[in-house]
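Number of protein chains: 4
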Amino acid sequence: MKKITLLIHCKDRPNIIARVTNFIADQGGNIVYLDQHVDREQNIFFMRLEAEFEGTEFSSEQFKDSFKNTLAESFKMKWRVYSSESQTKMALFVSKYDHCLYDLLGRYHSGELPLEIPFIISNHNDLKSIADRFNIPFYHIPVTKDTKEKAEEKQLELLKEHGIDFIVLARYMQIVTSKIISEYPNKIINIHHSFLPAFVGAKPYHSAFKRGVKIIGATSHYVTEALDAGPIIEQDVTRVSHSHNIHDLISKGRDLEKIVLSNAVKLHAQRKVMVYNNKTVIFS
Amino acid sequence: MKKITLLIHCKDRPNIIARVTNFIADQGGNIVYLDQHVDREQNIFFMRLEAEFEGTEFSSEQFKDSFKNTLAESFKMKWRVYSSESQTKMALFVSKYDHCLYDLLGRYHSGELPLEIPFIISNHNDLKSIADRFNIPFYHIPVTKDTKEKAEEKQLELLKEHGIDFIVLARYMQIVTSKIISEYPNKIINIHHSFLPAFVGAKPYHSAFKRGVKIIGATSHYVTEALDAGPIIEQDVTRVSHSHNIHDLISKGRDLEKIVLSNAVKLHAQRKVMVYNNKTVIFS
Amino acid sequence: MKKITLLIHCKDRPNIIARVTNFIADQGGNIVYLDQHVDREQNIFFMRLEAEFEGTEFSSEQFKDSFKNTLAESFKMKWRVYSSESQTKMALFVSKYDHCLYDLLGRYHSGELPLEIPFIISNHNDLKSIADRFNIPFYHIPVTKDTKEKAEEKQLELLKEHGIDFIVLARYMQIVTSKIISEYPNKIINIHHSFLPAFVGAKPYHSAFKRGVKIIGATSHYVTEALDAGPIIEQDVTRVSHSHNIHDLISKGRDLEKIVLSNAVKLHAQRKVMVYNNKTVIFS
Amino acid sequence: MKKITLLIHCKDRPNIIARVTNFIADQGGNIVYLDQHVDREQNIFFMRLEAEFEGTEFSSEQFKDSFKNTLAESFKMKWRVYSSESQTKMALFVSKYDHCLYDLLGRYHSGELPLEIPFIISNHNDLKSIADRFNIPFYHIPVTKDTKEKAEEKQLELLKEHGIDFIVLARYMQIVTSKIISEYPNKIINIHHSFLPAFVGAKPYHSAFKRGVKIIGATSHYVTEALDAGPIIEQDVTRVSHSHNIHDLISKGRDLEKIVLSNAVKLHAQRKVMVYNNKTVIFS
Numbered sequence: 001m002k003k004i005t006l007l008i009h010c011k012d013r014p015n016i017i018a019r020v021t022n023f024i025a026d027q028g029g030n031i032v033y034l035d036q037h038v039d040r041e042q043n044i045f046f047m048r049l050e051a052e053f054e055g056t057e058f059s060s061e062q063f064k065d066s067f068k069n070t071l072a073e074s075f076k077m078k079w080r081v082y083s084s085e086s087q088t089k090m091a092l093f094v095s096k097y098d099h100c101l102y103d104l105l106g107r108y109h110s111g112e113l114p115l116e117i118p119f120i121i122s123n124h125n126d127l128k129s130i131a132d133r134f135n136i137p138f139y140h141i142p143v144t145k146d147t148k149e150k151a152e153e154k155q156l157e158l159l160k161e162h163g164i165d166f167i168v169l170a171r172y173m174q175i176v177t178s179k180i181i182s183e184y185p186n187k188i189i190n191i192h193h194s195f196l197p198a199f200v201g202a203k204p205y206h207s208a209f210k211r212g213v214k215i216i217g218a219t220s221h222y223v224t225e226a227l228d229a230g231p232i233i234e235q236d237v238t239r240v241s242h243s244h245n246i247h248d249l250i251s252k253g254r255d256l257e258k259i260v261l262s263n264a265v266k267l268h269a270q271r272k273v274m275v276y277n278n279k280t281v282i283f284s
Numbered sequence: 001m002k003k004i005t006l007l008i009h010c011k012d013r014p015n016i017i018a019r020v021t022n023f024i025a026d027q028g029g030n031i032v033y034l035d036q037h038v039d040r041e042q043n044i045f046f047m048r049l050e051a052e053f054e055g056t057e058f059s060s061e062q063f064k065d066s067f068k069n070t071l072a073e074s075f076k077m078k079w080r081v082y083s084s085e086s087q088t089k090m091a092l093f094v095s096k097y098d099h100c101l102y103d104l105l106g107r108y109h110s111g112e113l114p115l116e117i118p119f120i121i122s123n124h125n126d127l128k129s130i131a132d133r134f135n136i137p138f139y140h141i142p143v144t145k146d147t148k149e150k151a152e153e154k155q156l157e158l159l160k161e162h163g164i165d166f167i168v169l170a171r172y173m174q175i176v177t178s179k180i181i182s183e184y185p186n187k188i189i190n191i192h193h194s195f196l197p198a199f200v201g202a203k204p205y206h207s208a209f210k211r212g213v214k215i216i217g218a219t220s221h222y223v224t225e226a227l228d229a230g231p232i233i234e235q236d237v238t239r240v241s242h243s244h245n246i247h248d249l250i251s252k253g254r255d256l257e258k259i260v261l262s263n264a265v266k267l268h269a270q271r272k273v274m275v276y277n278n279k280t281v282i283f284s
Numbered sequence: 001m002k003k004i005t006l007l008i009h010c011k012d013r014p015n016i017i018a019r020v021t022n023f024i025a026d027q028g029g030n031i032v033y034l035d036q037h038v039d040r041e042q043n044i045f046f047m048r049l050e051a052e053f054e055g056t057e058f059s060s061e062q063f064k065d066s067f068k069n070t071l072a073e074s075f076k077m078k079w080r081v082y083s084s085e086s087q088t089k090m091a092l093f094v095s096k097y098d099h100c101l102y103d104l105l106g107r108y109h110s111g112e113l114p115l116e117i118p119f120i121i122s123n124h125n126d127l128k129s130i131a132d133r134f135n136i137p138f139y140h141i142p143v144t145k146d147t148k149e150k151a152e153e154k155q156l157e158l159l160k161e162h163g164i165d166f167i168v169l170a171r172y173m174q175i176v177t178s179k180i181i182s183e184y185p186n187k188i189i190n191i192h193h194s195f196l197p198a199f200v201g202a203k204p205y206h207s208a209f210k211r212g213v214k215i216i217g218a219t220s221h222y223v224t225e226a227l228d229a230g231p232i233i234e235q236d237v238t239r240v241s242h243s244h245n246i247h248d249l250i251s252k253g254r255d256l257e258k259i260v261l262s263n264a265v266k267l268h269a270q271r272k273v274m275v276y277n278n279k280t281v282i283f284s
Numbered sequence: 001m002k003k004i005t006l007l008i009h010c011k012d013r014p015n016i017i018a019r020v021t022n023f024i025a026d027q028g029g030n031i032v033y034l035d036q037h038v039d040r041e042q043n044i045f046f047m048r049l050e051a052e053f054e055g056t057e058f059s060s061e062q063f064k065d066s067f068k069n070t071l072a073e074s075f076k077m078k079w080r081v082y083s084s085e086s087q088t089k090m091a092l093f094v095s096k097y098d099h100c101l102y103d104l105l106g107r108y109h110s111g112e113l114p115l116e117i118p119f120i121i122s123n124h125n126d127l128k129s130i131a132d133r134f135n136i137p138f139y140h141i142p143v144t145k146d147t148k149e150k151a152e153e154k155q156l157e158l159l160k161e162h163g164i165d166f167i168v169l170a171r172y173m174q175i176v177t178s179k180i181i182s183e184y185p186n187k188i189i190n191i192h193h194s195f196l197p198a199f200v201g202a203k204p205y206h207s208a209f210k211r212g213v214k215i216i217g218a219t220s221h222y223v224t225e226a227l228d229a230g231p232i233i234e235q236d237v238t239r240v241s242h243s244h245n246i247h248d249l250i251s252k253g254r255d256l257e258k259i260v261l262s263n264a265v266k267l268h269a270q271r272k273v274m275v276y277n278n279k280t281v282i283f284s
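Residue numbers (the UniProt record's numbering), protein chains in the order written: chain A, 1 to 284; chain B, 1 to 284; chain C, 1 to 284; chain D, 1 to 284.
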């Protein structure tokens, strides 16, 4: 049994669903999941579909060719097909905070994440012992104002060498430049420690404390060149009160950050996220 | 432009989606919403679909006939078609608590609920002034152990006379018997003031207080003959602490009850709920 | 049995609690509630205390005098004493949206709010029928750019004439100027339909939709001269997804707005809110 | 600077707060935190107080003696004093699930938990590698029906030998008998994977799935001899829908379990929990 995941978006027109589901049936597939969404304001159609194909004859390459030349062309679709046979590769970027790293590695080790982590990159050496503990190669690439360009070149080299599919910034305290972003569009996941768009930038817990909010949050989003302004994948919040000081906010926030980031990573790895207009459609 | 909502469930088999979407296309319809769900344990397929038909020729009766004789039969579907032309009629049953009543009537009056409320029934006279205030006929039908049977007959009479589609028990403090339930299967919506299945039966806030829970809830469900055990439509919860006494729990619970019940009423009225195996599929 | 609520804040110093609780004991009072908070960053002490006094001899005026000349002076306290004998008076300002009005009036009528509502002011006539339905005087005071000053004078006249203690802007779509704010400092409660400080100003649901947030919120705060930047009393949030359009956001937001505003009103009326540094301490 | 935490409960009587705060002042202490609660139904007074004492002369033993012979006796208090100088020792019991273990050890290693973990006990060997990774001694004590008594004796031996203060059952899949419970009353913290009191006992996610609930939860409580019926310390919940199968519920539940258990451990270790009438007072 082989399985594919098909993601489509295009201008909304009548009969797309019928045409696509017919196509799958013609190819001998059985649809086991289908979800669709229409943005009526923008008139865009989105679809996520999983189909199973029995027998050994099915080739996802052939499927792609066939889809490309028929439906994709006539509906001018943007589309992607993922085969269940290929494993996604994720690179982890960290600095000094360990909570998101522990959470991701714990899940990874338990088999909860459908992906492979070939290595961890950090601008500091602090978390090397954790990487060692989990037997994951750790590259220490320091970053200063002067060395940033070279550091990113070295990072890109590693990313390409290992065939990395997407990058997770697990509280990586550096700004990633367009050099890397342009190679990984909507494929770099960041965790920001506020309920975006509130408290963009540095020290959001301090800002939240100062403003006296009664709820704090965390936001996982794709990295774009605009700071903390990329498409939001996942958010969560928790209540706070006057009795919590900044230290308490940071501590409560850590729990949000790790759960929100891990959820975003899972959604991305399961091909459940589509991006358009700087927003996400999440088929969960 | 005419619009229908189609709800289907049947044994899962290949190509259902393709066949149904083709059928809609053949009838000249454009699918504006489609969601489906497969319960893999039970192997049951569920689908909710909204389609628009241009022109004046479309007849939902003809559509039903055609669907019945083709797809419905060959897939042995259980199905329903709702036309946007018909208005749903809801009866309200209340006793003495007014918060759910105020909430539903406020929304009703604001045009938030896609339905009509021909009348309110109560076993007490306390809330008559509210019904008057909103200009809705109010029938006071007292219920005692001895008069219960006759009271329910009178209720049924009113329900039929007004062509009521579904009933909402807005903190109606009486148990409804099989006489009415059998006429309105999965069409009587109750609000229970606990996070079911915890605290079934009377005085759930007192039980929650005694147990020392840190979160209380409210549950809206379809009424079946088993007490507080029918299919759950909607639930919500809120935090409490040792500092809250029973009075506080009741007060906080009221806010949950009214929001949860109103949400359940909206989901039902919008034909977004399907029931099977004493559970609900909510296409929202 | 007479009861007072005492609110204190001052520079933190040793023995404040012991001194205050001794004072209450000396006056023949029994403390039935005490909560305190120290902002260690600012070194400010806050306390809320409820005490009961048996017998008919207790006079809250005498108590105030005595407290003023002893503790209040020596600790340089800012303090207030509220007697259970006086009823708080709240004015409601509305425009065209009715959901917050319905919610507050429903609670008011049920006896849930410990206050009196002498009248409702609106710049439109749309909601007059609701005020009539609940038998509350309704003053229609239109506001245009040119008439704003005179309108506020008329509002102030009504507020003073009725001895109003605090004002609630229940989706009142006008900006209140310093003329009124200066007379009611930290006594005007607004509901803003976003999770502040995100989406300040007009049309926050439209901004939230555009940004693609996964959670929307509502915030109740005291009105200051800086737009939507006053001390936050209460916030709440709810999840949304790509499948919700702006209309859905507005509809879900309405439920947040009314619950959040009503909670803020209750906290204020129960003397549970203290304000400092543009933040609130909520003793709940 | 030395610091103590004082926990008191006793029959509610006038002037307790004044008397206790005076006592602290007389001893040269400055109260930096005070919270109290009165259960009016049961007429019980609860207090948690933190006080700082400058200078090296302060002795917590002397303080205890003095408190015991004066206030504690005259008010017939149940009380405990914890000095900031002593470190709490926690034993971890696990079986095969690793998510709670990873979460606790990650926090432990980051310095987030104010305690020491001298060892981990398990009835299986599966998680030994994780204990090794974090350099914590791991005792494999298999438990069968026949060996249970001896196993518990061995466990007790280890607990006593290391001077363990409290035990955390981090998804330990065995029932702990009265032999251990009686030695650690209200000092054994369990995590149950449901929103108690719903779904007591085995396989709660399966029961939740079958019942069709829309929200699942996790509960951390002290272990008593009645199964899953001990005093609740912390609970949390998350939304689920028809689209989630049992595997999804288990996966979502894991995130709840680990956060809820870690929060309960922190509250207990910080001496913020008081128990009475099979309920908890949480001074947080």
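Heads up, some of the hints might be wrong.
[Claimed, not checked] Using 25 Å as the maximum straight-line C-alpha spacing, the simulated PhoX-like pairs for lysine-lysine come out as follows:
#1 C/Lys-89 <-> C/Lys-266
#2 C/Lys-279 <-> A/Lys-203
#3 B/Lys-279 <-> D/Lys-210
#4 C/Lys-279 <-> C/Lys-187
#5 C/Lys-148 <-> C/Lys-128
#6 B/Lys-187 <-> B/Lys-154
#7 A/Lys-279 <-> C/Lys-203
#8 D/Lys-128 <-> A/Lys-128
#9 D/Lys-210 <-> B/Lys-187
#10 B/Lys-210 <-> D/Lys-128
#11 A/Lys-179 <-> A/Lys-150
#12 A/Lys-210 <-> C/Lys-78
#13 A/Lys-210 <-> C/Lys-272
#14 D/Lys-210 <-> B/Lys-11
#15 C/Lys-252 <-> B/Lys-89
#16 C/Lys-150 <-> A/Lys-210
#17 A/Lys-203 <-> A/Lys-160
#18 A/Lys-266 <-> D/Lys-272
#19 B/Lys-266 <-> C/Lys-266
#20 D/Lys-128 <-> B/Lys-203
#21 A/Lys-210 <-> C/Lys-89
#22 D/Lys-272 <-> A/Lys-252
#23 B/Lys-252 <-> C/Lys-272
#24 A/Lys-210 <-> C/Lys-128
#25 C/Lys-279 <-> A/Lys-252
It should be emphasised that the hints constitute simulated quantities derived from the structure, not laboratory data. The structure displayed is predicted, hence computed values, not measured ones.
Subject >> Hint check against the structure, violated hint numbers in rising order >> reply: 10, 16, 17, 18, 19, 20, 21 and 24
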